[in-house]
Amino acid sequence: MGWAIALHGGAGDIPFSLPPERRQPREEALRHCLQIGVGALQANMPPLDVVELVVRELEDIPHFNAGRGSVLTNKGTVEMEASIMDGRTKKCGAVSGLRTVVNAISLARLVMEKTPHIYLGFDGAEEYAKEQGVETVDSSHFITAENVERLQHAKEASIVEIDYSTHPLQNGTKKVAPIAANGDCQLGTVGCVAVDSKGNLASATSTGGLVNKMVGRIGDSPIIGAGTYANDHCAVSATGKGEAIIRGTVARDVAAMMEFKGVSLMEAADCVVHERTPKGTVGLVAVSAAGEVAMSYNTTGMFRACATEDGYSEVAIWPAS
Amino acid sequence: MGGWAIAVHGGAGVDPNLPPQRQEEAKQLLTRCLNLGISALRSNASALDVVELVVRELESDPLFNSGRGSALTEKGTVEMEASIMDGSKRRCGAVSGLTTVKNPISLARLVMDKSPHSYLAFSGAEEFARKQGVEVVENEYFITADNVGMLKLAKEANTILFDYRIPVAGGACGVGVENPLQMNGLPISVYAPETVGCVVVDGEGKCAAATSTGGLMNKMSGRIGDSPLIGAGTYACELCGVSCTGEGEAIIRGTLAREVAAVMEYKGFKLQAAVDFVIKHRLDQGKAGLIAVSNSGEVSYGFNCNGMFRGCATEDGFMEVGIWE
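Those sequence lines, one after another, are chains A and B.
Numbering-wise (this note's numbering), the first sequence opens with residue 808 and increments by one.
Numbering-wise (this note's numbering), the second sequence opens with residue 1197 and increments by one.
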């Protein structure tokens, strides 16, 4: 037993050839966020507060697809979404379609704690944010040059994210997996899971969504049971192709396997990722009540970091060779 | 074993003082919808087509809380949501925040079949609807006089009962309700049982599920409930199809629809045992109900609250419509 924390900055087709100037800032950022989380756990901060704190930090960093640095819709705008869940009480909160809220994860938490609802979206969510006086800025704050370029490239290649194994489109659209000009796909999300030494668990996930997505598209990140889940067995945050994560109820499935089949965290995470979702679509981080950590993915790589109370820590992108 | 089966619901959490005439109307509507589904199944329609067909019928009738007859937001408008899932490949589609689309469940199906995504909401969903040429109407079409009256009562009740997690002291709530029963923070007399749904297993053993709703009376604009959330309000896989109704928070936290399937898959429970387990053990203090079918032609339902409008039928001729225990 003991505390444990894991966080991710997105899973996807992250090429091994990722140049140092794109790799190092992200590794630094993961290290930085891990330190913040570890410090908070060492100071006995409740896991729910820890995951919110870490995800806020990830949202503020422009290198990941959440908050600042969010990918753009097909209209060049940002629409951010997030969810948070407290494993101890199973209370949860979620938001979608945010355009001006600086920290989506914190608004999700407010929805959980201050409204009679769980999930608010779009105009209603923005209105609520203003009522609550949370920090909002002009939408342009979230948009980075990298993402403008990504969107441009996606449009030029007429790429729409298609789960082409199960969505045969009738209109003859070319089915091609998106690879941006600089080779890095920027799929996914950011997320954090944490457990304290008493076994209290929490999970939080936040994202800008899918490059060139339709306005109004909601992915897995704000959906409890898909992108985020926590109960008294484990806490899970998933990343990857939203549509696959939704169908696979990925986060819930890890917990369900532990609960109903009695398998370990690692076995459950590996089974869900490698046997129950299509290759190249998902990654996740998870911690168990006993303080174990799992970070599984079936994509080329996943920006990730973790640490446990016994002193282990790791920051990585690809599998250990 | 085998053969088709169908179940429909019109929402869980029913006012025990519901006038007999309204109860009759509800049973007639449920019967009519069941017969529509049965007829389609006898003509070899697929489970997916049948659930959409039946839910469209429920949406078009103003009696239940979906499509026309939807509960109203705090602003007096209608915001509808729905989801549909095809068990054979677990394809799914969902929509939220619709204000002009006549049949939300059909738009959810189009999201599944004709868009690269699984879930579209608010203005983006409305835009997609127009591009797809689905039938759209003015928001007023969905609003009934009954619900305008209910909204007023709900607002009066809520000025005293805003945070429903705080237990109500005494019984006075300004609404003249003798019964202290509550659902989702509202006195049961002003609560519009959320959601309609249909689950079907067809002659080939394929399952599907569909759920549609106007949501919670007096909800905040932008509030999304459990009905469009795959795994919460709706779920279908190779083994079963499930549609839930009741307190959205409880259904979401409990990932209720997925839970029935998970218990069947991971613990080997049969359908009825899975439904009973989930209702008994997965709802904590929440109140909800669900209908379910299995790939072996069984149909089942369960609820832990006061009543659920439901009906079910199987190929061997069994048919039942009910409201109470």
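Derived from the structure by calculation, the hints contain no laboratory data.
Please read these numbers as outputs of a predicted model, since none were measured by experiment.
Even glycine gets a Cβ: it sits at the ideal position worked out from N, Cα and C.
Errors might be hidden in some of the hints.
Subject to a maximum C-alpha distance of 30 Å in a straight line, what follows is the list of computed DSBU-like cross-link-like pairs (lysine-lysine) [stated by the list, open to error]: (1) Lys1086/A to Lys1402/B; (2) Lys1476/B to Lys921/A; (3) Lys1086/A to Lys1285/B; (4) Lys882/A to Lys1310/B; (5) Lys1476/B to Lys1086/A; (6) Lys1476/B to Lys897/A; (7) Lys1068/A to Lys1463/B; (8) Lys962/A to Lys1476/B; (9) Lys882/A to Lys1271/B; (10) Lys1402/B to Lys921/A; (11) Lys1463/B to Lys921/A; (12) Lys1402/B to Lys1298/B; (13) Lys1402/B to Lys898/A; (14) Lys1351/B to Lys897/A; (15) Lys1298/B to Lys898/A; (16) Lys1285/B to Lys1271/B; (17) Lys897/A to Lys921/A; (18) Lys1476/B to Lys1005/A; (19) Lys1068/A to Lys1285/B; (20) Lys1466/B to Lys897/A; (21) Lys1086/A to Lys1310/B; (22) Lys1463/B to Lys1223/B; (23) Lys1310/B to Lys937/A; (24) Lys1223/B to Lys1402/B; (25) Lys1463/B to Lys1005/A; (26) Lys1483/B to Lys1068/A.
If you want the footprint, here are the derived chain B segments under chain A, 3+ residues with CB under 8 Å [what the hints assert, rightly or not]: (27) 1279-1293; (28) 1313-1320; (29) 1384-1397; (30) 1446-1454; (31) 1467-1479.
>> For a C-alpha distance cap of 30 Å, please report whether Lys1476/B and Lys1086/A respect it.
In response: violated, 37 Å
> Does the structure keep Lys1298/B and Lys898/A at a Cα separation of 30 Å or less?
Replying inline: violated, 33 Å
> Given the hint that Lys1086/A pairs with Lys1402/B, does the C-alpha gap stay at or below 30 Å?
Replying inline: holds, 25 Å
> Within 30 Å, alpha carbon to alpha carbon, are Lys1086/A and Lys1310/B?
Replying inline: holds, 23 Å
> Are the Cα atoms of Lys962/A and Lys1476/B separated by 30 Å or less?
Replying inline: With a Cα-Cα distance of about 50 Å, the restraint between Lys962/A and Lys1476/B is violated, given a limit of 30 Å.
>> Tell me if the straight-line CA distance from Lys1476/B to Lys1005/A falls inside 30 Å.
In response: holds, 28 Å
> Is Lys1463/B within 30 Å of Lys921/A, Cα to Cα?
Replying inline: violated, 37 Å
>> For a C-alpha distance cap of 30 Å, please report whether Lys1351/B and Lys897/A respect it.
In response: With a Cα-Cα distance of about 28 Å, the restraint between Lys1351/B and Lys897/A holds, given a limit of 30 Å.
> Are 3 or more residues of the stretch 1279-1293 of chain B near chain A, judged by a Cβ distance of less than 8 Å?
Replying inline: holds (count 7)
> Within 30 Å, alpha carbon to alpha carbon, are Lys1223/B and Lys1402/B?
Replying inline: holds, 27 Å
> Lys1476/B and Lys897/A: Cα distance at most 30 Å?
Replying inline: With Cα atoms ~17 Å apart, Lys1476/B and Lys897/A stay inside 30 Å; holds.
> Straight-line Cα separation of Lys1285/B and Lys1271/B no greater than 30 Å?
Replying inline: Violated, because 39 Å separates the two Cα atoms, which is more than 30 Å.
Checked against the numbered hints above, the structure breaks hints 5, 8, 10, 11, 13, 15, 16, 22, 23, 29, 31 and satisfies the rest.
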